[in-house]
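Trainee: As a plain string of letters, each chain reads:
There are 2 protein chains.
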Amino acid sequence: MKESSNKPFQFQKTFEILSFQIDPSGKLRWAALADLLQEVAWKHADSREFGQVLFDKGFMWVLSRFDIQVHAMPSWGETIHIETAGRGINKLFALREFRVTDSSGTVLATAMSAWLLLDIKTKRPQRPSLVLPSELFETEPSDYAPPEKISVPEKGHTGKTFHVNHSDLDMNNHVNNVSYIRWIEDFCLEQGFTFDKISINYLNEALLGENIEILFSLDAQKMLVSGRSGERDVFTSWVEKLNG
Amino acid sequence: MKESSNKPFQFQKTFEILSFQIDPSGKLRWAALADLLQEVAWKHADSREFGQVLFDKGFMWVLSRFDIQVHAMPSWGETIHIETAGRGINKLFALREFRVTDSSGTVLATAMSAWLLLDIKTKRPQRPSLVLPSELFETEPSDYAPPEKISVPEKGHTGKTFHVNHSDLDMNNHVNNVSYIRWIEDFCLEQGFTFDKISINYLNEALLGENIEILFSLDAQKMLVSGRSGERDVFTSWVEKLNG
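Protein sequence lines correspond, in order, to chains A and B. Residues 5 to 248 (this note's numbering) are what the first sequence spells out, left to right. Residues 5 to 248 (this note's numbering) are what the second sequence spells out, left to right.
The set of hints was computed from the structure by calculation and includes no laboratory data. Misleading hints may appear alongside valid ones.
Note: identical chains are not told apart, hence a pair may lie in one copy or across any two.
Derived pair list, reagent style SDA-like, types lysine to any residue, alpha-carbon separation capped at 25 angstroms [stated by the list, open to error]:
id, residue 1, residue 2
1, Lys61, Ile124
2, Lys11, Trp46
3, Lys245, Asn169
4, Lys31, Glu43
5, Lys245, Gln195
6, Lys31, Val57
7, Lys31, Arg52
8, Lys226, Arg103
9, Lys164, Asp147
10, Lys164, Leu58
11, Lys164, Asp71
12, Lys95, Gly81
13, Lys31, Leu212
14, Lys201, Asp237
15, Lys127, Ser29
16, Lys61, Phe197
17, Lys11, His170
18, Lys201, Ala76
19, Lys11, Lys201
20, Lys164, Glu214
21, Lys153, Leu207
22, Lys17, Leu207
Bound conformation, chain A alone (with noise of 0.2 angstroms):
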């Protein structure tokens, strides 16, 4: 992922950090972070017709990998604003950037996302220029790099286990991809490892009662961090510590 991005952003949106959203540090948590970051991706492909209006016609969205990295969390009451932009296509992923900014400017964090386009009834991967502007989406091969791919573990520790429970649906009710962060954060934050980057890839959609696994395997700096349901790997991440 690229520290920052020299082209224009697209779109942008203002939010005031709220109560609810703030950990016991007093900082904007990952999956609260995670949550507006997906507001603005939706309310911009709602502004260009490539979101809810895909939907009815039956494609869908489906987030395939998506780094995160963050400088310094907001606090409560602060504003923040969140720019994305599309960043071209490559191969079957459309790209997405984020980047977050503090009231002077501050970057406070970044964000890459590869997005695969599905065919609601058969589940296929289509091709993203069908349906994405070309004036936001370059099909001309992207200059950017979808975020990599993550190998799965075959062995780990095996840390504690998370239910999947109504809560975690979202409108089109399929498992938030919010949630697997939320896991990745609890589960993290459990054994008192702090980081400043998330890598995760998204593998198969965890389902409404599931128990999801989760497999780790930590260094100081680096702890990778999967979640299976039963036989099925679900997703797998890198969570790292920078700068130290």
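For chain A, the structure is supplied; the task is to place chain B on it using the hints.
Mentor: Relative to the frame of chain A, chain B by itself:
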């Protein structure tokens, strides 16, 4: 709980409903509504120096009873207004009322809450009149009744279990009041029981790492839902369908 109050409200805040607050039916989740009510309570308290300032002086507000009645939940992208006011003191309870309206002024939800002021060291309740602005919270016997006491069922069916995770902790390192409401909502929706009113009594704090076992008994229109950790009763609640 009165349907709506005749006395003026004292504080208000406006919110846009965001994608991550919505359930698969397209409406605001109960837990997300409770998040917003709590935000407004905190901001009101902080605006008059009976919020975080008191915490720094060794006191804390503990939500003891909370009744929320919903007429209609807003949808994604809607703007809502939440008003709140102190509604006097009843013995050791400080009462706070809420009213939620949409952009045309239609009342979407009403709520009444009863709060105890605890000395953080001794855990003993203090008289709220010691710290509350008397022009906001009348010390005369209040015109308003606190939410009712709910008995803890002796017996009940055992429902599911919820684990208390790090993301349940609020900025004061206590399990967020809203987590209990999320557990109730998750449990009821899993049972296929939709509802218009929640009345909850908070009994003992849930602690990080605990498993909260749900007990319930159901008749057609009303479900008694309580939570316990081992032998400790954590909450008890009535969840009701109205007009139906």
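Trainee: Are the hints correct? Go through all of them and say.
Mentor: Structure-based check of all given hints:
For a Cα distance limit of 25 angstroms, the shortest separation of Lys61 from Ile124 inside one copy, 9 angstroms, qualifies, whereas the shortest one across copies, 56 angstroms, does not. When the C-alpha separation of Lys11 and Trp46 is checked against a cutoff of 25 angstroms, the pair qualifies only within one copy, where the shortest distance is 21 angstroms, while the shortest distance between copies is 40 angstroms. Within a single copy, Lys245 and Asn169 get their C-alpha atoms only as close as 30 angstroms, which misses the 25 angstroms cut-off; across copies the closest is 22 angstroms, which meets it. Taking the shortest alpha-carbon separations for Lys31 and Glu43, both the intra-copy value of 19 angstroms and the inter-copy value of 15 angstroms come in at or below 25 angstroms.
In the homo-oligomer, the alpha carbons of Lys245 and Gln195 lie at most 25 angstroms apart inside one protomer (14 angstroms), although the nearest pairing across protomers, at 42 angstroms, exceeds that limit. When the C-alpha separation of Lys31 and Val57 is checked against a cutoff of 25 angstroms, the pair qualifies only between copies, where the shortest distance is 18 angstroms, while the shortest distance within a copy is 35 angstroms. When the C-alpha separation of Lys31 and Arg52 is checked against a cutoff of 25 angstroms, the pair qualifies only between copies, where the shortest distance is 23 angstroms, while the shortest distance within a copy is 33 angstroms. Proximity of Lys226 and Arg103 under a CA criterion of 25 angstroms is satisfied intra-copy only: 23 angstroms inside one chain copy versus 47 angstroms between copies.
Neither within a single protomer nor between protomers do Lys164 and Asp147 lie at most 25 angstroms apart by alpha-carbon distance, with minima of 39 angstroms and 49 angstroms respectively. In this assembly of identical chains, Lys164 and Leu58 lie within 25 angstroms of each other by CA distance neither inside one copy nor across copies; the values are 37 angstroms within and 37 angstroms between. Taking the shortest Cα distances, Lys164 and Asp71 sit within 25 angstroms of each other inside one copy (23 angstroms), while across copies they are farther apart (34 angstroms). For the homomeric pair Lys95 and Gly81, neither the shortest alpha-carbon distance inside one copy (41 angstroms) nor that between copies (33 angstroms) is at most 25 angstroms.
In the homo-oligomer, the alpha carbons of Lys31 and Leu212 lie at most 25 angstroms apart only across protomers (19 angstroms), although the nearest pairing inside one protomer, at 30 angstroms, exceeds that limit. In this homomeric assembly, Lys201 and Asp237 come within 25 angstroms of each other (Cα to Cα) only inside a single copy, at 22 angstroms, whereas the closest approach across copies is 39 angstroms. With identical chains, the CA atoms of Lys127 and Ser29 are at most 25 angstroms apart between copies only, with a shortest distance of 23 angstroms across copies and 41 angstroms within one. Taking the closest pair of Cα atoms, Lys61 and Phe197 never come within 25 angstroms of each other, the shortest separation being 43 angstroms inside a single copy and 31 angstroms across copies.
Within a single copy, Lys11 and His170 get their C-alpha atoms no closer than 39 angstroms, and across copies no closer than 38 angstroms, so neither meets the 25 angstroms cut-off. Taking the shortest Cα distances, Lys201 and Ala76 sit within 25 angstroms of each other inside one copy (11 angstroms), while across copies they are farther apart (40 angstroms). Proximity of Lys11 and Lys201 under a CA criterion of 25 angstroms is satisfied intra-copy only: 23 angstroms inside one chain copy versus 50 angstroms between copies. In this assembly of identical chains, Lys164 and Glu214 lie within 25 angstroms of each other by CA distance both inside one copy and across copies; the values are 14 angstroms within and 13 angstroms between.
For the homomeric pair Lys153 and Leu207, the shortest alpha-carbon distance inside one copy (10 angstroms) is at most 25 angstroms, but the shortest distance between copies (47 angstroms) is not. Neither within a single protomer nor between protomers do Lys17 and Leu207 lie at most 25 angstroms apart by alpha-carbon distance, with minima of 29 angstroms and 40 angstroms respectively.
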